[in-house]
Amino acid sequence: MSVEWVRVAAESDVVEGEPFASEYGENAIALYRYEGTIFAIGDICPHEDVRLSEGWLEGDRIECPLHQSCFEIRTGKVIEGGPAYEDVAAYDVRVEDGAVFVRAAG
Amino acid sequence: MNDTIEAQPQERKWPAEGVSRVPAWIYSDPEIYARELEVFHYGKVWNYVGLDCEVPEPNTFRRSWIGERPVIITRDADGEIHVVENRCAHRGSLLCWQNSGKAKDLTCPYHHWSYSLKGDLMGLPFLRGVQGKGGMPRDFDKTKNSLTKLRVAVRGGSIWATYSDETPPLEDYLGEEILTRLDRLVSRRPLRLVGYSRQVVDSNWKLYWENSRDPYHATLMHPFLSTFGILRTDGDYHSVPLQEGRHEYTYSQYDPELRNRTSEASAQIKSIKTTLQIQDTDVVNSVVDEFNDGMMGAFQVFPTILVQQYFNCLVVRHIIPKGVGKHELVWTYFGYADDDEQVSELRLKQSNLVGPAGFVSLEDSEVLSLMQPVVEGSPHALQVLEMGGHGTEAQSTMMTETLIRAFYDFYRREMGL
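Chains as they are written, first to last, in our numbering: chain A, 1 to 106; chain B, 1 to 417.
None of these hints come from the bench; they were simulated from the model.
Do not rely on the hints blindly, as some may be mistaken.
Said to hold, decoys possible - Computed cross-link-like contacts, DSSO-like style, restricted to lysine-lysine with a CA-CA straight-line distance of at most 27 Å: (1) B:LYS118 <-> A:LYS77; (2) B:LYS142 <-> A:LYS77; (3) B:LYS102 <-> A:LYS77; (4) B:LYS44 <-> B:LYS149.
Unchecked claim - What follows is a set of in silico ranges between Cβ atoms, one per label pair, in the way DEER data are often shown: (5) B:ARG188 <-> A:ALA89: 47 to 55 Å; (6) B:HIS238 <-> A:TYR85: 51 to 59 Å; (7) A:ASP60 <-> B:ASP183: 38 to 46 Å.
Quick caveat: nothing in here was measured; it's all calculated off a predicted structure.
Cβ atoms here follow ideal geometry from the backbone N, Cα and C, with glycine treated the same way.
Work the whole structure out from these sequences, hints included.
Written out as C-alpha cells, the structure is:
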C-alpha cells in the first residue's frame, strides 16, 4: 500500500538550529535542517507525552525538555542515558517547489 | 510539685532489679523512641524489607518501610534488586505512591523528576529553562542528586537493607541458628506471594516485639491454641534467645494427638474451651510435613520481623513503627512457586489463624492497644518479668519470660540505659 506524501511546511520554515513543529495526519512531527538537509522525526517523547521540539537542540541531537532523553534528529534513534528507551519514528522527506513533504518511511 | 515534672532523658535510669523489671517510660518517651530509630533502624542493623516474589520480574517495584522512612524495593531491567528511599531528592516529597507495580523508571508526581530503578536521577523538567529563561544553573550535577540508596543483602527469597556501612555481612548479623531457620523457609524453593493483611496497632512497637517473645500469654489469652491442640502448656516447647538477645526462636514438635490428649496439666488449663468447635478442621488438623522435620515455630530478627510457621501457613510479620504510641503490622503470607493445589488451599485456610482477625492473633493487637494508654499514664511504673527466673538463658518451657529479659539485656547495652 502506498503512503501519501503530505505537505508539512514551507521550505523556508525550516532553518538550521531551530526545530519546526508540524503534523503528519494525527502524528506530531518535527522538522530539522542539518548541514543543509531537512529531516523529519516523531515529536512525542516515548517516555512522557511532551513535544521534543520544545526541548534543546544541540548539533544533531534533540534533548527532551522534561527529562533530557536525547534523540538523533536524522534517524529518530534514542541515545542511551535518559529515561526513554524507544526510538521515535523517522519519516521520508521530499522538498519540491519551496514546500516540504513527508511520508511514513517504507 | 516535682512529681508533675516529666523526668529528663538523662535521668532515665533502669531499675536496680535489672532486666526482670522494665520501666514503663520506654513505651512512651518520645526521646527514647527517636533514639531507638537512630540506633536501631537507621543504625547498624539489617532491616527486613520484603520478599523477592514481591518484585517478581525485571522492571517491578514494591513499597516498604525502614523505621518511619518509606523505601522502595526495585528490580531493575537486569534483574538486580535495589532498595532506595521513597523520597524525591529534590524537595523530599513521596516519590512512589503505588504499593507495587511495573515501571521502567520512578517519576515524582510533584515536579516530575525522573529516576532509574537503581535510584539515579535521569532527568528533570526544564533543566535548561524555557525560552532561554530559568532552569538549573550550568553546574547542576544530576549525578549528585540521586535517591538515597541503601546497602542491600538478599538471602534466599528475603531482601534486607541497611543504612550503615559498618553493619556486618547479613550472614554474620543473623548468625548460624537464624540462618538455618530462615533458609528452611525462604531458600530451598522459589517463593510465591500468597497475600497480605495490614493493620495499625495503637501501641509502642516494643509491646508487640515483646508479645512475640512471650509464650506465657499464648495459651492463656489465645484459647484457640489450647482448645485445638496447636500449642498447650503441657506440650513440647523451646524458647531460645540468640545473638546477645537480639534475635530469638521458639519451636515445638507438631503433635497431632495433643488435641485429644488429657493429662494432669490439661485439666488445669482454663483456656481449653470444650464447647468450642470448628467446622473446617483443615485449619488445625491437615498438615503436610513439607520440611520433613515435624516442626512448627517462629523466629524474630531484630528489629523488624517475626517469621512464623503454623502448620502450612508461612507468614512474615513486619513491625513498622509509626510514632511512639503506634505501629503498623504488615502480614505477608507466602508459599512456594511449585505448591500443588492441596498445599495452596491449606496455606489459604490456615492463614485464618493469624492476621488482624486471625483465630489466634486477633487478641494481641486488642490487648496492646488498650495497654498503651495505661503505660503512658504511669511512666514510672515497672513491668514485672520473673517467669522462668531472672536469667536470659534458653529454656524448654512456655512458662518463661526469658526471651523478653534477653531482649532488654541487649536493648539496655545498645541504648546505654
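Quick rundown of the hints versus the structure:
| no. | hint | in the structure |
| --- | --- | --- |
| 1 | B:LYS118 <-> A:LYS77 | holds, 24 Å |
| 2 | B:LYS142 <-> A:LYS77 | holds, 23 Å |
| 3 | B:LYS102 <-> A:LYS77 | holds, 25 Å |
| 4 | B:LYS44 <-> B:LYS149 | holds, 15 Å |
| 5 | B:ARG188 <-> A:ALA89: 47 to 55 Å | holds, 50 Å |
| 6 | B:HIS238 <-> A:TYR85: 51 to 59 Å | holds, 53 Å |
| 7 | A:ASP60 <-> B:ASP183: 38 to 46 Å | violated, 55 Å |
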